[in-house]
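Given only the sequences and the hints, what does the whole structure look like? Please build it.
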Amino acid sequence: MLKRVLSLLFFALLLPALGFAQENKISGRIVDEKSKEPIPFASIGLREEQTGALTNEYGYFQLAMPEKNPQDSLIINALGYFRKAVLIKPGIKVQDMIIEVPKRAIALKEVKVTSSVKIKNLDLGSKSTTPGEGMIQGMPGSQYAFFVKNDKGKNLGNVRSVSFYIGENGFPREPFRVRLYKADGNYNSPNTDLLTDNIVVSAPKGGEWYTIDLTQYNIEAPKEGFFVAMEWIVSGDKFYTTNFMDNYTPYGQILRPTFEFKESRTWNYTIGRGWSLITLANNGQRYNAMIRAEVDMFKD
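Numbers -21 to -1, 1 to 279, taken from mature numbering (1 follows the signal peptide of the UniProt record, and there is no 0), label the letters of the sequence shown in order.
None of these hints come from the bench; they were simulated from the model. Bear in mind the structure is a predicted one, so any value in this text is a computation, not a measurement. Just so it is clear, CB atoms sit at the ideal spot from N, CA and C, and this is done for glycine as well. A few of these clues could be false.
Think about it this way: if two alpha-carbon atoms lie no more than 27 Å apart in a straight line, the pair counts; the simulated DSS-like pairs of lysine-lysine are [said to hold, decoys possible]:
| no. | residue 1 | residue 2 |
| --- | --- | --- |
| 1 | K278 | K131 |
| 2 | K202 | K131 |
| 3 | K241 | K131 |
| 4 | K4 | K15 |
| 5 | K202 | K97 |
| 6 | K133 | K97 |
| 7 | K161 | K202 |
| 8 | K202 | K106 |
| 9 | K128 | K106 |
| 10 | K278 | K161 |
| 11 | K161 | K99 |
| 12 | K68 | K4 |
| 13 | K106 | K82 |
| 14 | K161 | K82 |
| 15 | K202 | K241 |
| 16 | K13 | K47 |
| 17 | K128 | K97 |
| 18 | K106 | K161 |
Estimated spans, in silico, between C-beta atoms of each pair [what the hints assert, rightly or not]:
| no. | residue 1 | residue 2 | range |
| --- | --- | --- | --- |
| 19 | T171 | I77 | 20 to 30 Å |
| 20 | K82 | D192 | 23 to 33 Å |
| 21 | K106 | E46 | 45 to 55 Å |
| 22 | K106 | E79 | 43 to 53 Å |
| 23 | S140 | N167 | 20 to 30 Å |
| 24 | R26 | D172 | 15 to 25 Å |
| 25 | Y166 | S52 | 18 to 28 Å |
| 26 | P49 | G263 | 46 to 56 Å |
| 27 | Q264 | I77 | 46 to 56 Å |
Encoded structure:
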């Protein structure tokens, strides 16, 4: 009897603490405006705070309340959907939110090929079979994007496949999302999505190239080239705040770098802060993510 009373007393004392902890979190679910289906792996960021989180495959998210200002904007970016902003301020309920996001209609271009045109394979990006020293590791919601440049100005068609050199360390078989972008952001950074489908894949092992076939998506390659990115995601019922290192050891893929190029072609994306160019170098060669793509090349 005494043990039961003590247990109830402990729970009663714990309730205010649990309530306080919950009040210091923004939580909820991101869903499709029409179907009400959850949107997996959507990016959630506080504009002024410059922090954020990623939804899991069921559309759930959780992140800390803003500390810099009592009022902020919660920005939702989901692949294939319009960007949405939600006001966060004192007096507004921010726990267990349901945020509906409208879908973006994508018009796919049809590539017509006449019988007189020959199509060949063209490899863009890294051509090395041996990775450089170092590791490129991400956290949920972060991305590394490498610009596969059309150096010789060839006449490009559709994207056939993309490949990532997955490191032998870490957890190579954890899922990640493939992203493709136009180089039409500030300072030619990644911006507009070329691939608007959720392509979540998992490599069978590390220490080698892993290739993803994209022929079914009819993605037209921009003439100057395009960015191929790996996005680290969360799976299962795990929730992470932006201060990952306090409660979470980074997991998932480790990309390997290459030093084939004299220019920086790799950008890093962090939720709440956006894209930044990686400018590390070694003996005059720039540090880039080991990524490549295969595209159609039209030849008369």
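Hint check:
For the hint linking K278 to K131, the alpha-carbon distance of about 13 Å falls within 27 Å, and the restraint holds. Note on K202 and K131: the hinted pairing holds, with a Cα-Cα distance of about 10 Å set against a maximum of 27 Å. Between K241 and K131, the direct Cα distance comes to roughly 16 Å. Compliance with the 27 Å bound is thereby established for this hinted pair. Among the hinted pairs, K4 with K15 is consistent with the structure: their alpha-carbon atoms are about 23 Å apart, no more than 27 Å.
A hinted pair counts as satisfied when its Cα atoms are at most 27 Å apart, and K202 with K97 qualifies at roughly 17 Å. The hinted pair formed by K133 and K97 meets the criterion: a straight-line CA distance of about 13 Å does not exceed 27 Å. Between K161 and K202 the alpha-carbon distance is near 10 Å, which keeps this suggested pair within the 27 Å criterion. Taking the CA atoms of K202 and K106, the gap is near 20 Å; set against the 27 Å cutoff, the hint holds.
Taken as a hint, the K128 and K106 pair is honoured in the structure, with Cα atoms around 12 Å apart against an allowance of 27 Å. Between the alpha carbons of K278 and K161 the distance comes to roughly 23 Å, so the proposed pair stays at or under 27 Å and holds. Straight-line distance between C-alpha atoms of K161 and K99 comes to about 22 Å, which keeps the hinted pair within the 27 Å bound. In summary, the hint linking K68 to K4 is supported, as the alpha carbons are separated by about 13 Å, within the 27 Å threshold.
Among the hinted pairs, K106 with K82 is inconsistent with the structure: their alpha-carbon atoms are about 37 Å apart, more than 27 Å. Note on K161 and K82: the hinted pairing holds, with a Cα-Cα distance of about 20 Å set against a maximum of 27 Å. Taking the CA atoms of K202 and K241, the gap is about 21 Å. The hint holds against a cut of 27 Å. Note on K13 and K47: the hinted pairing is violated, with a Cα-Cα distance of about 35 Å set against a maximum of 27 Å.
Straight-line distance between C-alpha atoms of K128 and K97 comes to about 22 Å, which keeps the hinted pair within the 27 Å bound. A distance of roughly 21 Å separates the Cα atoms of K106 and K161; the hinted pair therefore holds under the 27 Å criterion. The given range of 20 to 30 Å is respected by T171 and I77, whose C-beta atoms sit roughly 28 Å from each other. Distance hint check: the CB atoms of K82 and D192 are about 25 Å apart, consistent with the given range 23 to 33 Å.
Taking 45 to 55 Å as the suggested C-beta distance range, the pair K106 and E46 conforms, at roughly 47 Å. At roughly 45 Å, the beta-carbon separation of K106 and E79 lies within the given 43 to 53 Å, and the hint holds. Judged by the Cβ atoms, the range 20 to 30 Å given for S140 and N167 holds: they are separated by roughly 24 Å. Restraint check, R26 to D172: a C-beta distance of roughly 21 Å satisfies the suggested window 15 to 25 Å.
Our hint of 18 to 28 Å for Y166 and S52 holds, since their Cβ atoms are close to 24 Å apart. P49 and G263 have their C-beta atoms about 49 Å apart, which keeps the hinted 46 to 56 Å range intact. One distance hint, 46 to 56 Å for the beta-carbon pair Q264 and I77, holds here, with the actual separation near 49 Å.
The structure shown violates the earlier hints numbered 13 and 16.
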